[in-house]
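Undergrad: Combine the two chains into a complex, taking the hints into account.
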Amino acid sequence: MKRLFKRKRKLNRSLAGDIFLFAVLLGFGFFSAYPLIMTASNAFKPLDELFLFPPRLLPRNITLDNFRDLSELIGNSWIPFSRYFFNTILITTLGTGGHVIIASMAAFPLAKYKFPGRRIFFTLVVYSLMFAPQVTSVPNYIIISGIGLIDNPSAIILPAIASSLGLYLMKQFMSQIPDELIESAKIDGASEYRIFFQIVMPLVKPAWLTLIILLFQRLWTTDGGSFIFSEELKPLSYALRQIAQGTIERAGTIAAVSFIMMIVPVTFFILSQSKVVETFSHSGMK
Amino acid sequence: MNRTTVGSTGLTKRQLLWKNIKKSKHSYILLAPYAILFFTFTVIPVFMSLGISFSYFNLLEAPRFVGLSNYIKLFLEDEVFIIALKNTLILAVVTGPVSYLLAFLFAWLINELGPKLRSFLTLIFYAPSISGNAFLMWLIIFSGDVHGYANAFLINWGFIDNPIQWLKDPDYMMLVIIIVQLWLSLGVSFLAFIAGLQSVDRSMYEAGAIDGIRNRWQELWHITLPSMKPQLMFGAVMQITTSLAIAEVSMQLVGFPSVEYAGHTIVTHLIDFGTVRYDLGYASAIATILFLIMMTANLLVRQILRKVGN
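One line per chain: the protein sequences are B and R, in this order. Take the first sequence: its letters are residues 1 to 286, numbered as in this note's numbering. Take the second sequence: its letters are residues 1 to 310, numbered as in this note's numbering.
These are calculated hints, taken from the structure and not from any lab test. Yeah, the Cβ is synthetic: ideal placement off N, Cα and C, and Gly gets one too. Some hints could be false.
So these bits of chain B aren't anywhere near chain R, every CB distance computed over 10 angstroms [stated by the list, open to error]:
hint: 1; residue: R60
hint: 2; residue: L64
hint: 3; residue: S71
hint: 4; residue: I79
hint: 5; residue: I177
hint: 6; residue: L181
hint: 7; residue: G189
hint: 8; residue: Q198
hint: 9; residue: G224
hint: 10; residue: K234
Computed list of lysine-lysine pairs in DSSO-like fashion (alpha-carbon distance at most 27 angstroms, straight line) [stated by the list, open to error]:
hint: 11; chain 1: B; residue 1: K205; chain 2: R; residue 2: K229
hint: 12; chain 1: R; residue 1: K229; chain 2: B; residue 2: K275
hint: 13; chain 1: B; residue 1: K275; chain 2: B; residue 2: K286
hint: 14; chain 1: B; residue 1: K186; chain 2: R; residue 2: K22
hint: 15; chain 1: B; residue 1: K112; chain 2: R; residue 2: K229
hint: 16; chain 1: B; residue 1: K112; chain 2: B; residue 2: K286
hint: 17; chain 1: B; residue 1: K286; chain 2: B; residue 2: K205
hint: 18; chain 1: B; residue 1: K114; chain 2: R; residue 2: K25
hint: 19; chain 1: B; residue 1: K186; chain 2: R; residue 2: K19
hint: 20; chain 1: B; residue 1: K114; chain 2: B; residue 2: K205
hint: 21; chain 1: B; residue 1: K205; chain 2: B; residue 2: K186
hint: 22; chain 1: R; residue 1: K23; chain 2: B; residue 2: K186
hint: 23; chain 1: R; residue 1: K13; chain 2: R; residue 2: K25
hint: 24; chain 1: R; residue 1: K307; chain 2: B; residue 2: K286
hint: 25; chain 1: R; residue 1: K13; chain 2: B; residue 2: K114
With the rest of the complex left out, here is chain R (with noise of 0.2 angstroms):
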């Protein structure tokens, strides 16, 4: 028997925790509803996951249970893996910094305009991110014929004799999911930005000029980032998820399947065995890879952004 009592009420630490439970009623019906969702699309699915990928499994028969073959066959057998893996990870390195660093440059520049310009220009950049599937604008620029607007252009000024086949050859089909990408990744970590810069305490800049701050530089060094920095890791947190998850793009632009798996990724390859060929054992290790994927993307982020300013 635990006979440990807390403070002086004379209850044992369970009694208590029950009495806390009670009490707590109404927080649990509240939360309820969500919670029951939450725990079904996205908690026992993680785990789901994770169990589907050490075995064989169709839908139409029972899963089989196959140890470690999935992975095997992921890393040593499937080449197209390798370069989907390879496609992800420079995605995720340039799209994933660059438009972190785009949203919170736009953001502190449009924070000096007068309110209506900042309105705005704030509309500008995140519109793409809310316009469905007006990236489709996209395929007409980068068109592989003379009327692609980019090979107008380019023949126009004499930088080309020929069209280039952007959508079509590997060697550019990668920078034109990267430009499109960071058009569009202006989203909810860029509105976060503006937010946080708006609620920064004036005071304390007027502060930092008496204490010899000269220029904007050194403000936004040591007055404005370590003020954000709760903003500044929300916005990791979604550009990391956003740029290692790049799939709707390179399907609708370049193809699915690409030409020579040239703009392949990870979630086209996840979704090419989890929706086409209906292989979901190999399909959830896909989707367990992505996943530690992200989560070490992240905390390790977290880690570094934690030190911003100390």
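Only chain B is shown next, with the shape it has when bound in the complex (with noise of 0.2 angstroms):
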């Protein structure tokens, strides 16, 4: 127990509490982890041992009998697989980078520079994250209908950038960076794009990966919704739920997809951890 809170300062500790907070954590660790533990664990799972009680956390014959009835199903279907992993990549790169890209050159100015407009855009972005993307739903199919781009992956990419939760995170990190670092290189002669792309954008390296993360796991996990209707353009995420559509019987293969739809996005955060926790600092609001 004294390992575990390793800590220089023993001020203001109680071993009871101690205890009692350790105990907290271990269950509400366990409600956490169980259901992914379960996941991963009954995608590598036997047919007879998926319906087991208890249930067992582990495999005890690990198989890849799931993996193979998944792929059996796709092969099936008159879309190859291929595509729909395309359609993703395709969604996933496209969104995430522009995003990167878009969210940064326009949180440099509202966090570096005064000029007319800059306090209602930004109170406008706070506002913005007060309520929930369905809200505009509706006007969003009428207006991406209108500029005809119903059936292109464009409907998803282009919301998507515009995403505001980034926007803001970037922008209160950039907030951090001295004025005196931009004030020095324009003295050098270097212009305000210059300044961004050769000075800033390395420094924000951090916030990067976090506005990768939070946008790649909404588009990776994106099924097309009413905005994308052609099968040849449905995306990876769409063709794993039709599979895994079905009752207990299909136990295994749900769990073989959840599974390869879990592991990328954790993947990528167990990678990232650190800079996104860095990130989250200035994520603060007045």
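TA: In structure tokens form, the structure reads like this:
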């Protein structure tokens, strides 16, 4: 116990309190991890182990049957699977890439220059965090069909690029860059655009990762909604969901699908965690 | 003519503004791509939604002005909407504050640990919210037959004799949605709290100890909370918005529509009229109500949080 709470300062701490709080963490940690561990472990369980009670946390006979079933089901569909995969990669890369660049471009003047309209614009961005995107779903559909983007990946990509949480976090993160850095570059004769691309952008790499992970998980799991109806333009999540449709008999396949959908964003988060947390230290709101 | 001049420049206010705008050309150029998309997909739609809500519109014919009739129908004739409204408020009142407190509690407890264990637990708590549709695992946990983990567990220990239809029985549906939503809810606000706690000035704790702060609860109330107020504010906005927009979990777990609409929410009602029935005027009225509820809740809670530690 003492080793767990290794800290130099031992003031204000009682052992009873430590034990109580540690028990709380352990209990909720299990609650949080259990469905994820089960998803991962079910993906590798043979069918007879799937319905055992008590359910085993880890598979006894590890098998890839569920993934084989999945690829068989996929092989039987009339659109090649690689197509769905390509669609998702396209939407995810263009969406996250566009978001990082365009939101950073906007965040820079909002954080570092005073210009007429700046406060109003940023206030609008903060207010837009206060309602869920579903509120604007009807007019968005009308606008997107009005500019002829129905059944086009841009219908998913463009609204995602304008996600306001990303701009908000990026602006807050850029605000802590010292003004002197920008001033001295200006004295050296660099243009605002050069300052942005060569000085500011490399400094805000932690925030890039945060914007990427936030948008990545949204785009990675998009099923195209009502915007994409051609089968050959549908993303991966849609295809996997179709396959997983069905009841408990397909529990193994569902687990394999969920495992694939979950492991990519989770791995990304594991790799970028410290940078992401660093970004959020500037997320505060007044 | 406006002849008031500002400072010693000898320019009128309007000329000065114009000069400022011209000087800031680069700012506008950098802002433009985002601003265009933001206005197209967020700002304009909010006003459009309000406008459409006073009309009958099905995408095929031109919208027809119908005054307040969509709103009157919503509150006086649409019993399902009243159920949805009630469910949404129950879900928000439970999952909003509970998830907010849990996010803070865990962040605070994790903050005491060594860096390795801290990263590990951060991952454990944050992972559900980025795991795509891994929440479908709860379909198996709450499956209505004897194979469902919850049923099997309760039967095994003799709490119940017959399996409970967790996902079909209106008495249990809300409970299931609340549990799964809480499981999913340690998202960006959780990360913001972790980051906020790490950036609290260490020397303040030592100063506090000298000033007679005796235990961690006093320390929390007098030092930690006030110094991370901005993160608390940000987290509140995130949790309120999410807790009022619950839909995906309900639709995937208890069905769409759910039995007796027991898992119906404002957002699922909106989806029903917007993308299934194509009654866009009516859907927009629902969206406008939702917008007003979200803004009111957010601005209200902001006022309350401003008082923390003051």
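Undergrad: Give a verdict on every hint.
TA: Evaluated hints:
1. R60: Nearest chain R Cβ is 18 angstroms from R60 (chain B), so the label holds.
2. L64: 19 angstroms, holds
3. S71: 19 angstroms, holds
4. I79: 20 angstroms, holds
5. I177: 15 angstroms, holds
6. L181: L181 (chain B) is indeed farther than 10 angstroms from all Cβ atoms of chain R, at 17 angstroms.
7. G189: Nearest chain R Cβ is 15 angstroms from G189 (chain B), so the label holds.
8. Q198: 14 angstroms, holds
9. G224: 12 angstroms, holds
10. K234: K234 (chain B) is indeed farther than 10 angstroms from all Cβ atoms of chain R, at 16 angstroms.
11. B:K205 - R:K229: Judged against 27 angstroms, a Cα distance of about 25 angstroms means the pair holds.
12. R:K229 - B:K275: 22 angstroms, holds
13. B:K275 - B:K286: 23 angstroms, holds
14. B:K186 - R:K22: Given that 27 angstroms is the threshold and the Cα spacing comes to 18 angstroms, the pair holds.
15. B:K112 - R:K229: 23 angstroms, holds
16. B:K112 - B:K286: 18 angstroms, holds
17. B:K286 - B:K205: 24 angstroms, holds
18. B:K114 - R:K25: 11 angstroms, holds
19. B:K186 - R:K19: 20 angstroms, holds
20. B:K114 - B:K205: Between K114 (chain B) and K205 (chain B) the Cα gap is close to 24 angstroms, so the pair holds against 27 angstroms.
21. B:K205 - B:K186: Given pair K205 (chain B), K186 (chain B) holds - Cα atoms ~22 angstroms apart, limit 27 angstroms.
22. R:K23 - B:K186: 15 angstroms, holds
23. R:K13 - R:K25: 19 angstroms, holds
24. R:K307 - B:K286: Within the cut-off at roughly 12 angstroms; holds.
25. R:K13 - B:K114: The hint holds at about 17 angstroms.
The structure meets every hint from the earlier list without exception.
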